[in-house]
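The task is simple: from the sequences and hints, build the whole structure.
Single-letter residue listing:
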Amino acid sequence: MTDMADIVIDQDGSIARVRVTGRLTLAGLGNVADRLDALALSPAQIDLSGVERMDTVGAWVIQRFVERTGAKIVGAHPDAQRLIALVHATERDVRVRHEPPFAPLRVINEIGEAAILAWQTLLGLVAFFGSVVIASWDLIRSPRRIRVNAVVHRFELVGVKALGIIGLMSFLIGIVIAQQGAVQLQQFGAEVLTVNLIGRITTRELGVLMTAIMVAGRSGSAFAAQLGTMKLTEEIDAMRTIGVSPMEALVLPRMLASIIMMPLLGFYATLISIIGGGLFCWISLEIPPVTFVQRLQEVIPLTDLWVGLLKAPVFGGIIAMTGCFQGLQVSGNAEEVGLKTTAAVVQAIFLVIVLDAFFAVFFTQIGWI
Amino acid sequence: MDLHHPIAIRIRGVTNSFGDQVIHQDLDLDVRNGEILGVVGGSGTGKSVLMRTIIGLQQPRHGEIEIFGEPMLGADAETQLDLRRRWGVMFQGGALFSTLTVAENIQVPLREFYPNIGPQLLDEIAAYKVIMAGLPANAGPKYPSELSGGMKKRAGLARALALDPQLLFLDEPTAGLDPIAAAAFDELTQNLCRTLGLTVFLITHDLDTLHAICDRVAVLADQKVVAVGTIPELLASDHPWIQAYFNGPRGRAASAAVASHPAKES
Numbered sequence: 001m002t003d004m005a006d007i008v009i010d011q012d013g014s015i016a017r018v019r020v021t022g023r024l025t026l027a028g029l030g031n032v033a034d035r036l037d038a039l040a041l042s043p044a045q046i047d048l049s050g051v052e053r054m055d056t057v058g059a060w061v062i063q064r065f066v067e068r069t070g071a072k073i074v075g076a077h078p079d080a081q082r083l084i085a086l087v088h089a090t091e092r093d094v095r096v097r098h099e100p101p102f103a104p105l106r107v108i109n110e111i112g113e114a115a116i117l118a119w120q121t122l123l124g125l126v127a128f129f130g131s132v133v134i135a136s137w138d139l140i141r142s143p144r145r146i147r148v149n150a151v152v153h154r155f156e157l158v159g160v161k162a163l164g165i166i167g168l169m170s171f172l173i174g175i176v177i178a179q180q181g182a183v184q185l186q187q188f189g190a191e192v193l194t195v196n197l198i199g200r201i202t203t204r205e206l207g208v209l210m211t212a213i214m215v216a217g218r219s220g221s222a223f224a225a226q227l228g229t230m231k232l233t234e235e236i237d238a239m240r241t242i243g244v245s246p247m248e249a250l251v252l253p254r255m256l257a258s259i260i261m262m263p264l265l266g267f268y269a270t271l272i273s274i275i276g277g278g279l280f281c282w283i284s285l286e287i288p289p290v291t292f293v294q295r296l297q298e299v300i301p302l303t304d305l306w307v308g309l310l311k312a313p314v315f316g317g318i319i320a321m322t323g324c325f326q327g328l329q330v331s332g333n334a335e336e337v338g339l340k341t342t343a344a345v346v347q348a349i350f351l352v353i354v355l356d357a358f359f360a361v362f363f364t365q366i367g368w369i
Numbered sequence: 001m002d003l004h005h006p007i008a009i010r011i012r013g014v015t016n017s018f019g020d021q022v023i024h025q026d027l028d029l030d031v032r033n034g035e036i037l038g039v040v041g042g043s044g045t046g047k048s049v050l051m052r053t054i055i056g057l058q059q060p061r062h063g064e065i066e067i068f069g070e071p072m073l074g075a076d077a078e079t080q081l082d083l084r085r086r087w088g089v090m091f092q093g094g095a096l097f098s099t100l101t102v103a104e105n106i107q108v109p110l111r112e113f114y115p116n117i118g119p120q121l122l123d124e125i126a127a128y129k130v131i132m133a134g135l136p137a138n139a140g141p142k143y144p145s146e147l148s149g150g151m152k153k154r155a156g157l158a159r160a161l162a163l164d165p166q167l168l169f170l171d172e173p174t175a176g177l178d179p180i181a182a183a184a185f186d187e188l189t190q191n192l193c194r195t196l197g198l199t200v201f202l203i204t205h206d207l208d209t210l211h212a213i214c215d216r217v218a219v220l221a222d223q224k225v226v227a228v229g230t231i232p233e234l235l236a237s238d239h240p241w242i243q244a245y246f247n248g249p250r251g252r253a254a255s256a257a258v259a260s261h262p263a264k265e266s
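From first to last, the protein sequence lines are chains B and S. Residue numbers for the first sequence follow this note's numbering, beginning at 1 and rising by one. Residue numbers for the second sequence follow this note's numbering, beginning at 1 and rising by one.
For the record, the hints were derived by calculation from the structure and aren't laboratory data. Computed from a predicted structure; not experimentally measured. Honestly, I wouldn't trust all of these hints.
[What the hints assert, rightly or not] 25 Å max Cα-Cα, derived SDA-like pairs, lysine to any residue:
| # | chain 1 | residue 1 | chain 2 | residue 2 |
| --- | --- | --- | --- | --- |
| 1 | S | Lys142 | B | Ala38 |
| 2 | S | Lys142 | B | Gly112 |
| 3 | S | Lys47 | S | Arg32 |
| 4 | S | Lys142 | B | Leu271 |
| 5 | S | Lys224 | B | Glu248 |
| 6 | S | Lys152 | B | Val107 |
| 7 | S | Lys224 | S | Gly197 |
| 8 | B | Lys72 | B | Ala38 |
| 9 | S | Lys224 | S | Gly56 |
| 10 | S | Lys142 | B | Gly338 |
| 11 | S | Lys142 | B | Val107 |
| 12 | S | Lys224 | S | Ile242 |
| 13 | S | Lys142 | S | Asp123 |
| 14 | S | Lys152 | B | Gly332 |
| 15 | S | Lys47 | S | Asp123 |
| 16 | S | Lys142 | B | Pro101 |
| 17 | S | Lys152 | S | Asn116 |
| 18 | S | Lys152 | B | Gly112 |
| 19 | B | Lys72 | S | Leu100 |
[Claimed, not checked] Rough simulated footprint, nothing fancy, chain S against chain B, three-plus residues with beta-carbon under 8 Å:
| # | segment |
| --- | --- |
| 20 | 51 to 57 |
| 21 | 87 to 96 |
| 22 | 332 to 341 |
[Said to hold, decoys possible] Far from chain S, by Cβ distances over 12 Å, these chain B residues were calculated:
| # | residue |
| --- | --- |
| 23 | Arg19 |
| 24 | Gly30 |
| 25 | Ala33 |
| 26 | Ile287 |
Just so it is clear, CB atoms sit at the ideal spot from N, CA and C, and this is done for glycine as well.
What follows is the structure, given as structure tokens:
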């Protein structure tokens, strides 16, 4: 192996000379660039006769030094001269990165951009909702265009395949509610009211709400990522040119599947939660199953079930819509798919919880307490 | 490693297969130091697979590959790493990192192999490589999605040249470019090859590129290299694919174009 590059400074009377030796390449450069930069004196000559090999990086370092100090190059090999000429020719005022703006301005800028983005997202979502309604109306008028296969396939992905995880989650939530409720109610000697707590909170709220959050995480994200990737690979443009409406082929089947599957999954989740809670009551509070079911029948009005099941399709629609909307907003690069998928899930869960609050007030107002 | 070794890449008896499908059978090829070797062949003859085999992305069934006299297959990790910084690869689609700017793309191999380079010098290197690859001066801070097809190719070339390699692999550099951009790219490749003393392994379908800049052409067919030589030498071959390729209507047009405008060869 040959030597690393090195510099030697000769002071011959008044004339200073810098001698460079060794391999002036990317691998052999070492700290020579920094040392040349740090050199205080301005030598008259830079001697390259000791250089064994040079690449464009070495040539660039020499060229930069010559430009700064005005030294004359001596003893350069023809190859080295050629490389130095090459890098000299490429010297241009090149911007490598955008200038970072003044920090306080940047903060204001970012706040402004976030506000504009939020406003545009809201408008976009409303517009998207509008086009979904129009497309649905078209489909209702000619129901033969409904893509039954696609919808059924989504049923499987959104509904059937989620049964396991949603069941497990609901079962555990049922147990947790029963356990926490029992501990508190025992202090008043009212542990028998645990049955009321489990029955009402799961049918009215938690069954559907937790299912919606799970479906947003499972299917909402999947919709965004699928559509986003299809957008990147120009599949959606290809669809349009063939005359297939992406709204009809991609968005509506997903919406339909979510709207139909959410009440079913929500009902299932409610049932499993009650079973989980009932099991806890049986084991821990010694309320036998027969008594538990009997009490349930007494304390849960039928309206509670309607409160839960009426919300579910709305949540399903919201989740599918944000997922598809964000997926179709993807443009540019792969990172965008990730960003939009995150946005889809966050917005879906946020909207679901906001709507749930409105529903709670609404149902109470109409007397379904 | 001897960088003045007369044979830059030496391939002997390489066999590649995917399942039952044999791509290469006992393939031999030499790439001479300092030449531009064009590699041609019909679709599916394994041009890209051959390139991937040389740069170690594909493990052949058996065979030997030497880079500058150094065996590549079965070499220890350190030797392989040392070999890797000797070459630059430009993939067909550019394969730029989409979340990094052009300048950052160029800096990735530099940071990876030489973490001690200061940020100032790193920026300067990226800046002159941008110009050297024929990109406009404002291309540095742009993201790949903001570039046109031709500019993506040039950015890919700039990244391939980041480490000042001795060996350059180009996979269909002019595919998808308009004829003017393709000719400009050919000229750029040739200039860089001459001034930097590069050896170029160039996969192409572009007959104009073959005529304009390739010193020799290797023809892949029947699972091996059926002929290597200058274009006149290949024309003398009676292999049916070579005849169909160079004497087809497009082949004739390309050679006529070169004959009427004697090459700007130095």
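For each hint, the structure was consulted:
1. At most 25 Å may separate the alpha-carbon atoms for a hinted pair to count; lysine 142/S and alanine 38/B exceed this at roughly 32 Å.
2. This hinted pair checks out: lysine 142/S and glycine 112/B have alpha carbons roughly 23 Å apart, not beyond 25 Å.
3. Proximity of lysine 47/S to arginine 32/S is assessed by CA-CA distance (about 18 Å); at most 25 Å being required, the pair is judged to hold.
4. As the CA atoms of lysine 142/S and leucine 271/B are separated by approximately 55 Å, the hinted pair breaks the 25 Å bound.
5. Using a Cα cut-off of 25 Å, the hinted pair lysine 224/S and glutamate 248/B is violated, with the two alpha carbons roughly 50 Å apart.
6. Straight-line distance between C-alpha atoms of lysine 152/S and valine 107/B comes to about 33 Å, which puts the hinted pair past the 25 Å bound.
7. A threshold of 25 Å between alpha carbons decides the hint, and for lysine 224/S with glycine 197/S the separation of about 28 Å lies outside it, so the pair is violated.
8. Restraint check: the Cα-Cα separation between lysine 72/B and alanine 38/B comes to about 18 Å, which is no more than 25 Å; the hinted pair holds.
9. Between lysine 224/S and glycine 56/S the alpha-carbon distance is near 19 Å, which keeps this suggested pair within the 25 Å criterion.
10. Of the pairs offered as hints, the one joining lysine 142/S and glycine 338/B holds, with about 21 Å between alpha carbons and a cut-off of 25 Å not exceeded.
11. A distance of roughly 22 Å separates the Cα atoms of lysine 142/S and valine 107/B; the hinted pair therefore holds under the 25 Å criterion.
12. For the proposed pair lysine 224/S and isoleucine 242/S, the alpha carbon gap of about 13 Å is at most 25 Å, so the pair holds.
13. Of the supplied pair hints, the one linking lysine 142/S and aspartate 123/S holds, its CA atoms being roughly 14 Å apart against a limit of 25 Å.
14. In summary, the hint linking lysine 152/S to glycine 332/B is supported, as the alpha carbons are separated by about 14 Å, within the 25 Å threshold.
15. Only pairs whose Cα atoms come within 25 Å are accepted, and lysine 47/S paired with aspartate 123/S is rejected, the gap being roughly 35 Å.
16. Taken as a hint, the lysine 142/S and proline 101/B pair is honoured in the structure, with Cα atoms around 17 Å apart against an allowance of 25 Å.
17. At most 25 Å may separate the alpha-carbon atoms for a hinted pair to count; lysine 152/S and asparagine 116/S exceed this at roughly 28 Å.
18. The hinted pair formed by lysine 152/S and glycine 112/B fails the criterion: a straight-line CA distance of about 32 Å is larger than 25 Å.
19. Under the criterion of a C-alpha separation no larger than 25 Å, the hint pairing lysine 72/B with leucine 100/S is inconsistent with the structure, at around 39 Å.
20. Counting residues of the segment 51 to 57 of chain B whose beta carbon lies closer than 8 Å to any beta carbon of chain S gives 3, which meets the minimum of three for the stated coverage.
21. Counting residues of the segment 87 to 96 of chain B whose beta-carbon sits less than 8 Å from any beta-carbon of chain S gives 8, enough to reach three: the coverage restraint holds.
22. Given as covered by chain S, the segment 332 to 341 of chain B passes the check, having 4 residues with a CB less than 8 Å from a CB of that chain where 3 are the minimum.
23. Distance check on arginine 19/B: its Cβ is at least 21 Å (rounded) from any Cβ of chain S, clearing the 12 Å threshold; non-interface status holds.
24. A beta-carbon of chain S comes within 12 Å of the beta-carbon of glycine 30/B; the shortest separation is about 8 Å.
25. The claim that alanine 33/B is not at the interface with chain S is violated, since a C-beta of that chain comes within 12 Å of its own (minimum 5 Å).
26. With a closest Cβ-Cβ approach of about 57 Å to chain S, isoleucine 287/B is found to remain outside the 12 Å limit, as its non-interface label requires.
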